[in-house]
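Given the coordinates of chain A, work out where chain B should sit on it, guided by the hints.
Protein chains: 2
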Amino acid sequence: MPFKSYLEALNKEFENHKYGENPAELYEPISYIMSLGGKRLRPLLTLMSANLWLYNWQKVLKPAMAVEVFHNFTLMHDDIMDQAPLRRGQQTVHEKWNTNTAILSGDVMLVAAYELLGFAEDRHFKLVVKRFNKTAAEVCEGQQLDMVFATKADVKKEDYIEMIRLKTSVLLGFAMELGGILADADEDSVRLLNEIGVNLGLGFQLNDDILDVYADPEKFGKQVGGDIIENKKTWLLLDAIEKAKGTEDGKKLEAWLKKKKFDATEKVEAIRGIYDKFEIRAEAEAEAKKYFEKAAEALNKLAVSEDKKVLIRSFAEQLEKREN
Amino acid sequence: MPFKSYLEALNKEFENHKYGENPAELYEPISYIMSLGGKRLRPLLTLMSANLWLYNWQKVLKPAMAVEVFHNFTLMHDDIMDQAPLRRGQQTVHEKWNTNTAILSGDVMLVAAYELLGFAEDRHFKLVVKRFNKTAAEVCEGQQLDMVFATKADVKKEDYIEMIRLKTSVLLGFAMELGGILADADEDSVRLLNEIGVNLGLGFQLNDDILDVYADPEKFGKQVGGDIIENKKTWLLLDAIEKAKGTEDGKKLEAWLKKKKFDATEKVEAIRGIYDKFEIRAEAEAEAKKYFEKAAEALNKLAVSEDKKVLIRSFAEQLEKREN
Numbered sequence: 001m002p003f004k005s006y007l008e009a010l011n012k013e014f015e016n017h018k019y020g021e022n023p024a025e026l027y028e029p030i031s032y033i034m035s036l037g038g039k040r041l042r043p044l045l046t047l048m049s050a051n052l053w054l055y056n057w058q059k060v061l062k063p064a065m066a067v068e069v070f071h072n073f074t075l076m077h078d079d080i081m082d083q084a085p086l087r088r089g090q091q092t093v094h095e096k097w098n099t100n101t102a103i104l105s106g107d108v109m110l111v112a113a114y115e116l117l118g119f120a121e122d123r124h125f126k127l128v129v130k131r132f133n134k135t136a137a138e139v140c141e142g143q144q145l146d147m148v149f150a151t152k153a154d155v156k157k158e159d160y161i162e163m164i165r166l167k168t169s170v171l172l173g174f175a176m177e178l179g180g181i182l183a184d185a186d187e188d189s190v191r192l193l194n195e196i197g198v199n200l201g202l203g204f205q206l207n208d209d210i211l212d213v214y215a216d217p218e219k220f221g222k223q224v225g226g227d228i229i230e231n232k233k234t235w236l237l238l239d240a241i242e243k244a245k246g247t248e249d250g251k252k253l254e255a256w257l258k259k260k261k262f263d264a265t266e267k268v269e270a271i272r273g274i275y276d277k278f279e280i281r282a283e284a285e286a287e288a289k290k291y292f293e294k295a296a297e298a299l300n301k302l303a304v305s306e307d308k309k310v311l312i313r314s315f316a317e318q319l320e321k322r323e324n
Numbered sequence: 001m002p003f004k005s006y007l008e009a010l011n012k013e014f015e016n017h018k019y020g021e022n023p024a025e026l027y028e029p030i031s032y033i034m035s036l037g038g039k040r041l042r043p044l045l046t047l048m049s050a051n052l053w054l055y056n057w058q059k060v061l062k063p064a065m066a067v068e069v070f071h072n073f074t075l076m077h078d079d080i081m082d083q084a085p086l087r088r089g090q091q092t093v094h095e096k097w098n099t100n101t102a103i104l105s106g107d108v109m110l111v112a113a114y115e116l117l118g119f120a121e122d123r124h125f126k127l128v129v130k131r132f133n134k135t136a137a138e139v140c141e142g143q144q145l146d147m148v149f150a151t152k153a154d155v156k157k158e159d160y161i162e163m164i165r166l167k168t169s170v171l172l173g174f175a176m177e178l179g180g181i182l183a184d185a186d187e188d189s190v191r192l193l194n195e196i197g198v199n200l201g202l203g204f205q206l207n208d209d210i211l212d213v214y215a216d217p218e219k220f221g222k223q224v225g226g227d228i229i230e231n232k233k234t235w236l237l238l239d240a241i242e243k244a245k246g247t248e249d250g251k252k253l254e255a256w257l258k259k260k261k262f263d264a265t266e267k268v269e270a271i272r273g274i275y276d277k278f279e280i281r282a283e284a285e286a287e288a289k290k291y292f293e294k295a296a297e298a299l300n301k302l303a304v305s306e307d308k309k310v311l312i313r314s315f316a317e318q319l320e321k322r323e324n
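Chains as they are written, first to last, in full-length UniProt numbering: chain A, 1 to 324; chain B, 1 to 324.
Bound conformation, chain A alone (with noise of 0.2 Å):
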């Protein structure tokens, strides 16, 4: 099965690779972030597009690995700014060492990941460059955005799809896009790996969101619920607002959110009562497929044969059905 061959490449990889050494101070965050694990689902794309034209998708095993040093890159920093004490169940950089050391060890973080698109080859380098950096700012947008929201009153569910699509969804089109230059991909299949990426990412953000309310505890791997707790403008809050506004349930929503003192178990249960009752998963749901579906038709659009599109086809069903 080439997937797990691409992941087991992709990890070996990662544990050779030195981002620097001295001084220690600066460089064990890195190697800790980056030890914590996660899908590598960034640079896995990288490769299953690369793979399309490319029979030695080995080669391109380093550019790919900027791709998730950058993600982690905005994991560290993110972790700073929401005050998070943990991440993947362990200890975040900042909590662990200090701030200054997050802020400044994501600092070259960010210039490693430059370091590693680096080894892609002289003809494809100012372009990567090129679409990277647009990337790369996006995502600090989509980032500044979500704290904006948090205490913005009139934010629409538009606002927060813009959001996410630059938080989250401009990056998996990029690592997508990236696969295809790097394999020499003629430009209009190089557009459509973006827009299967970027709408994977919206799918994938919103499966999240959704994911957060109604996982299986035991198989989520973190709190059930959080999104609630601390009134996250998602998809679903916002939706949930809208349907129920001008209701009583619309009055108890608004009070929930108000409230400084609560029990959370209480809280969770309340406002996902609210959810149920306008039907907000199911719409969730529906926002997401619709997402999902626009990444199967542009995948469908990919001048490639059939039988090389099954591992990109299968890994988005994976995406859309995941339950953690």
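Hints are computed from structural coordinates only; laboratory data are not their basis.
Incorrect hints may appear among the rest.
Listed next, the in silico BS3-like pairs over lysine-lysine satisfying Cα-Cα at most 30 Å (straight line) [stated by the list, open to error]: (1) K308/B - K130/B; (2) K39/B - K233/B; (3) K134/B - K126/A; (4) K126/A - K62/B; (5) K290/A - K259/A; (6) K277/B - K260/B; (7) K126/B - K59/B; (8) K156/A - K18/B; (9) K126/B - K18/A; (10) K232/A - K96/B; (11) K290/A - K157/A; (12) K277/B - K96/A; (13) K290/B - K277/B; (14) K277/B - K130/B; (15) K12/B - K126/A; (16) K130/A - K232/B; (17) K96/B - K152/A; (18) K126/A - K18/B.
Not the full set, but computed from the structure, chain A residues with beta-carbon under 8 Å of chain B [to be verified]: (19) N22; (20) P23; (21) L26; (22) L75; (23) H77; (24) A84; (25) I103; (26) D122; (27) K126; (28) L127; (29) K130; (30) C140; (31) Q144; (32) L145; (33) V148; (34) V304.
Keep in mind the model is a prediction, meaning the values are calculated, not measured.
By construction, the Cβ of each residue, glycine as well, lies at the ideal position given by its N, Cα and C atoms.
Just chain B now, with coordinates in the frame of chain A:
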């Protein structure tokens, strides 16, 4: 006078440059910190270096700006780490906005620096990014060492020199090297430019440390004695600790460094008094001179006609003799 025309062209280009627009919370701090001024030393060095070979130095303005944007990115993040309230007499970004904004705006500034490097011609781009990556990582290493030294007991003068080489000097080295690369200078010249820049940087930083203790307050523009007040382990302090070891003054110095509560003026005067006794200023000036001389030697070796070197030579002299 070409020096003035470089600066005017740079400032005009900075004024017109758009870093991005939305969300405003992300991009306004960039315009703000860039508008605080500063001497623009680094991009000036790039333009002057390019002009040794390239008549039309205007075409390297954008990549030259990358160095200044990167420098200001490091200031934005360093100010968070140092909890500095002021930068060039104005509020720092994390004070005027907040820490999260300063982290994230800084991140996108680092990306903006790479975007500006993208204005280099295609044939130079890969080398430019490779050298920039190396430099950027070293600057982070220097900042980390600086923080480590703050709480480390046995810092040596050589350690300090290595720290400022990384934190400050390699960027001046890169700035000059960049000018050479963009002007298609030969490899030997590019290497010499780097050497000139690094040594100017070391001399520059040592002068900074001397000025912090001995500047004319009216010309200096910031508080004289700031380093002494916060026990900053500069070359001067490390030299004084070494020279005064085992003497009565050594004990007095120790005592001042340990004092939690003190009158700032009294501390500055007392420690300056010890410096004077051991002729620390003259020693530090001799040390700085050593690096300015190395820079001059490397400039002498540069295979460029003498009339073209005049400007860099006078610039280096200004750096050596500056009073603020």
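Hint check:
1. K308/B - K130/B: Holds. K308/B to K130/B sits at ~28 Å (cutoff 30 Å).
2. K39/B - K233/B: Given that 30 Å is the threshold and the Cα spacing comes to 25 Å, the pair holds.
3. K134/B - K126/A: 18 Å, holds
4. K126/A - K62/B: 16 Å, holds
5. K290/A - K259/A: 34 Å, violated
6. K277/B - K260/B: 24 Å, holds
7. K126/B - K59/B: Roughly 18 Å separates the two Cα atoms, so the pair holds.
8. K156/A - K18/B: 28 Å, holds
9. K126/B - K18/A: Cα-Cα ~21 Å, so holds.
10. K232/A - K96/B: At roughly 26 Å apart (the allowed maximum being 30 Å), K96/B and K232/A satisfy the hint.
11. K290/A - K157/A: Status holds; Cα separation ~15 Å.
12. K277/B - K96/A: 45 Å, violated
13. K290/B - K277/B: The hint holds at about 22 Å.
14. K277/B - K130/B: 47 Å, violated
15. K12/B - K126/A: Judged against 30 Å, a Cα distance of about 27 Å means the pair holds.
16. K130/A - K232/B: The given pair, whose Cα atoms are some 41 Å apart, is violated under the 30 Å limit.
17. K96/B - K152/A: 20 Å, holds
18. K126/A - K18/B: Since the Cα atoms of K126/A and K18/B sit roughly 21 Å apart, the hinted pair holds (cutoff 30 Å).
19. N22: Holds: closest Cβ of chain B sits about 7 Å from N22/A, inside 8 Å.
20. P23: Status holds, d = 5 Å.
21. L26: 4 Å, holds
22. L75: Hint violated; L75/A Cβ to chain B Cβ min 13 Å, cut 8 Å.
23. H77: Given a least distance of 6 Å, the restraint on H77/A holds.
24. A84: 13 Å, violated
25. I103: Hint holds; I103/A Cβ to chain B Cβ min 6 Å, cut 8 Å.
26. D122: Because about 6 Å separates D122/A from the closest Cβ in chain B, which is inside the 8 Å limit, the hint holds.
27. K126: Since the shortest Cβ distance to chain B is 5 Å, the answer is holds.
28. L127: Nearest chain B Cβ about 10 Å off; hint violated.
29. K130: Because about 6 Å separates K130/A from the closest Cβ in chain B, which is inside the 8 Å limit, the hint holds.
30. C140: 4 Å, holds
31. Q144: Because about 4 Å separates Q144/A from the closest Cβ in chain B, which is inside the 8 Å limit, the hint holds.
32. L145: Holds - the Cβ of L145/A comes within 8 Å of chain B, reaching about 6 Å at its closest.
33. V148: This interface hint holds because 6 Å falls under the 8 Å limit.
34. V304: This hint is violated: V304/A lies away from chain B, its Cβ roughly 29 Å from the closest one there, beyond 8 Å.
Against the hints set out earlier in the document, violations occur for numbers 5, 12, 14, 16, 22, 24, 28 and 34.
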